[in-house]
Amino acid sequence: MPDVLTTPAYRWVGHNPPRKESLEKVTGSAKYLDDLKFEGCLHGKTVRSTVPHGRIKKISFEPGVPWDEFTVVTARDIPGKNVVSLIELDQPFLADGLVRHMAEPVVLLAHPDKGMAEKAVKRVHIEYEELPAILTIEESLAGGNIQYGKDNIFKKYHIQKGDPESVWPKADVVIEGEYWTGPQEQLYIEPQGVVAVASPTGGVTVWGSMQCPFYVHKGLKPLFNLPDDRVRVIYTVTGGGFGGKEEYPTLPAGHAALLSWKAGGRPVKIVYDRMEDMWATTKRHPCKTRVKAAFTKDGKLLALKVDATMDGGAYVTLSTVVLSRGTLHAFGPYACDHVVIDTRAVFTNSPPYGAFRGFGAPQTIFPLELHLHRAACELGIEPHELRRRNLLHQGDRMATGQVMQEETGLEGLMWKAMDESKYLEKTKAYREHNRSSTRIKKGVALALFFHGAGFTGSGEVFLDSKAGLELTRDGAVRILSANTEIGQGSFTTHSQIVAEELRIPYEMVEVAVPDTAVVPNSGPTVASRTCMVVGELLRRAASDLKEVLVKSGALAGNGHTPSEFRAAAGKYLQRFGELKVYSKYKPPPDVSWDDKTYTGSAYAAYAWACYVADLEIDMATYQAQMKDFVAVQEVGRVIHPVIAAGQIEGGVAQAIGWALYEDVALKQGVMQNCQLTNYILPTTADTPPIRVFFYENPYQNGPFGAKGLGELPMDGPAPAIAAAVAFALGDRIIPRIPILPETILDAIS
Amino acid sequence: MKSSIADFAVISPRTLAEALASLRQTPPPVPLAGGTDIMVLLNAGQLEPGVYLNLYSVPELRRPIEVSAGVRDAGTWGAGGADPPGEVRLSALTTYADVRRHAEVRRLLPMLPLAAREIGAVQIQSRATWAGNIANASPAADGVPPLMAYDATVELSSAAGVRQVALSEFYSGYKQTARRPDELITGIRIPVPAPGSIDYFRKVGTRKFQAISKVLLAGLVELGGSREIRKIRLVFASVMPFTYRARKTESVLEGRRLEPGAVSLAVETLRTELKPIDDIRSTARYRLKVACNLLEEFLGTTMGC
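In order, the protein sequence lines correspond to chains A and B.
In our numbering, each residue carries its 1-based index in the first sequence increased by 161.
In our numbering, each residue carries its 1-based index in the second sequence increased by 637.
Isolated chain A (complex conformation):
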């Protein structure tokens, strides 16, 4: 049980009711996509490119295969536009003439027999005229080989506060460093999977494992030139996403629908196996960052310059918004008068990098926090003390100009984390130990950070989300929202919020299956927004629903028992037939953002945290082994402490993987270690006890004070771990992750 440092006065919020979907999952009756049976179903397979850049010269089908039994689709069969509708319209569903990365879909096959479909993939031969490929950020920016726009740059951002250039010559100390964070595979436990039924008469229906049914809906309409109501997307129980099922499912959904369309409306199922999933789908954006910081000799941060470049891969997809979030987290929770942030996302001939928990923020928080650790070492100031001297306080302005309206509480979080981890005792004891021991080196270090909840800047306004509630026939309440349960507990937390607002038992709240034909578009299940933003829409809808019942005279205005509520609902339905109440997103007052100058309030709410990593390095094998981890955070009201702590523990474990184990070995721009035997995730034997502590400072525009927390735990562990490694190695900074044993050996030799 996590430590929550307030006492909730609510019946459901702050308590731990059983999860809405847990019975089905625990008993094995939950139907994941591949469990669904469709009469006459065909199995779809994707033939993918085997060069990073090339012109398709010829597609041939090897004799000896009964091709007449197959449904075969190429770009030429697409009835509408061959383009995935996302931020830009540059990615085709199927390569047409030109391939821009390895594993790009070129030909689709479907057959009633899965084994036949699998075998036939190898019998389709695609000949290419190979073209020069861009495989690194450096090659992309070198010019010469331009494949996107004028300069291979998808997007640039610039934030400017004050004038760092004027500070460098005057400062006591100026410290520079260059950092690298590698790609990472989301590794949801259920691979990508969809089933589609599509025909000119019946329209397109897709079932799938996904985070965002309306993204898929938007992507399929132009592919078939169909209006809104002829495309229907239905969420099926989803075994994890982590961002990997944010934008990607549109591709397999489109593929299955194209095959079904050509096969006369027969259902087509596409389920990737683990190797195809790891080979072809999105990963976290790799990022190279230069940090320059000026200090007084007693550690006051005078100026900060961050220059970050992300590898976006071969199509824009979400890179511009991933970059935006990275940009807006690059300056950290520190007060500094002179800040410049320059960022860019560039084209390479890699499969597009995509959404992954943290969404660009972990990539810029890592270099900043590790740089501050480096600066502390060079200045001879304890790392926590250097942070303390520069923390953002009430009234201070962030680099974007956003004024802190209240205390962040970060200093208190830091002391709590140091206290729980025995940080001060350990730093002393470990220095002592490292002087005498040559076999084991110990390290402990911390990181401070924030994570902005919800879409960036004016993003939530553009999303214009809508969520609602309806009364059911038996007098209960059903949630109508497009937000999906992907293991993070959203069905449960949403139900708690609605039950609390309506003062009815949690068991009287149901959740409708997210189905675009049934639920309103409450926006994507991403960006730590589901509980905070959509939860608040549902709370308001609940408040409105109660008001409607009271005004109709069915419900007393001064409190009710569950049976009184049921009776009131029954009475209302008898009289009016149905009751559906929707609420729409309204931006919080005093929050404004300017997309042109990148100034204003980038996020309406921030979660704040201090994490401490404790590890040791075996000097015979150079393996860093986590020993203890303390995660202290302020996330507003905690709706469900067990789920919230689970989110933090899972995120920390995932970040330990990113920092110490997970190495995406790229060759020709694509992952080559696409098996769980050679892409190394930490197991519970490699992760330490993860000790989670919450502070609650209720946020006035979140449901019962809740803020977002899903991505937060991905941000802090990597820099804390890298700094602890530096501590263990006698202040030797290894500026790139993952820090594998091989990396440590190379660094000390």
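Please note: incorrect hints may appear among the correct ones.
To be verified - Simulated restraints on C-beta separations:
id	chain 1	residue 1	chain 2	residue 2	range
1	B	Asp916	A	Ile314	55 to 61 Å
2	B	Arg800	A	Gly225	40 to 46 Å
3	B	Arg800	A	Trp228	42 to 48 Å
4	B	Arg922	A	Lys198	34 to 40 Å
5	B	Glu806	A	Gln833	45 to 51 Å
To be verified - From the derived model, a few chain A residues whose C-beta atoms are all more than 12 Å from chain B:
id	residue
6	Phe222
7	Lys242
8	Ala278
9	Lys311
10	Ser327
11	Thr457
12	Ala781
13	Cys835
14	Ala846
15	Asp847
What the hints contain is simulated information worked out from the structure, not anything from laboratory work.
Even glycine gets a Cβ: it sits at the ideal position worked out from N, Cα and C.
With chain A fixed as given, assemble chain B onto it according to the hints.
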């Protein structure tokens, strides 16, 4: 699953004689024991379609672990007591789990359960066999080095008869073994080490458990009076293209007193003896350095006790 099961045929003989007879066909069927290597390839679509020989149906191949008596040595075993154990025999289908559960093997050959517990997870340990690990000839095999360090012998049977091959002589190159296509490994015989022998087993994987080795050392040393190294065996996995016994380093140590000078000489010898591989799991540089560190640790802790 990328392979189609329809492409594979399995023969299930009922006796060893039937199994050995079927191995005389051309091409001979591929012996299938626990299947833990084969299933990975099957799932990845990398297994050659063909005929497989199911060994599970042969009762002679699933005999329990046998511990037989050795020659009585009054000096160490006291007169009038039971005969000392002399040899342990694993059958073709003995699994890692069988060894982990066997109290006497745990006591007599402690490196075997140590290796067994670090191979895969419980599911793999319950299926995978020691003989399969030998036959598969992976340079990263974790079960082979301790067997080789214990000086195990491989019992190879064919329709023509039985022969014994020292495990140390079994490999000659990457996936090159002394087993003829018509032969089956029917047993593994392991002599119990002389009393007072000191062993060392350390697997360095890509993570703590459920990992394939990057470097592994199984060592066994027999010390005489005044710390003279009578016999030493040093066996590495994952460093060379096959399980490698570092004979040059062994011979530098044998006959020498175990002291710091001998340790550094051994490490220097090993550094030139090994020609490590570079692959997706690690680098040659890392393997060489860690192999030397493990040797140093082995000899260092042996000196300490």
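Here is how each hint holds up against the structure:
1. B:Asp916 with A:Ile314: 55 to 61 Å: violated, 36 Å
2. B:Arg800 with A:Gly225: 40 to 46 Å: Roughly 44 Å apart at Cβ, these two residues keep to the hinted range, so it holds.
3. B:Arg800 with A:Trp228: 42 to 48 Å: violated, 52 Å
4. B:Arg922 with A:Lys198: 34 to 40 Å: About 53 Å separates the Cβ atoms of B:Arg922 and A:Lys198, which means 34 to 40 Å is violated.
5. B:Glu806 with A:Gln833: 45 to 51 Å: violated, 35 Å
6. Phe222: Non-interface label on A:Phe222 holds, nearest chain B Cβ at 19 Å vs cutoff 12 Å.
7. Lys242: Correct as stated: the minimum Cβ-Cβ distance to chain B is 32 Å, above 12 Å.
8. Ala278: violated, 10 Å
9. Lys311: Correct as stated: the minimum Cβ-Cβ distance to chain B is 38 Å, above 12 Å.
10. Ser327: holds, 46 Å
11. Thr457: The claim holds: A:Thr457 sits with its nearest Cβ about 42 Å from chain B, beyond 12 Å.
12. Ala781: violated, 4 Å
13. Cys835: violated, 10 Å
14. Ala846: About 4 Å separates A:Ala846 from the closest Cβ of chain B, which leaves it inside 12 Å; violated.
15. Asp847: At about 5 Å from chain B, A:Asp847 fails to clear the 12 Å cut-off, so the statement is violated.
Hints 1, 3, 4, 5, 8, 12, 13, 14 and 15, counting from the list given before, are not met by this structure.
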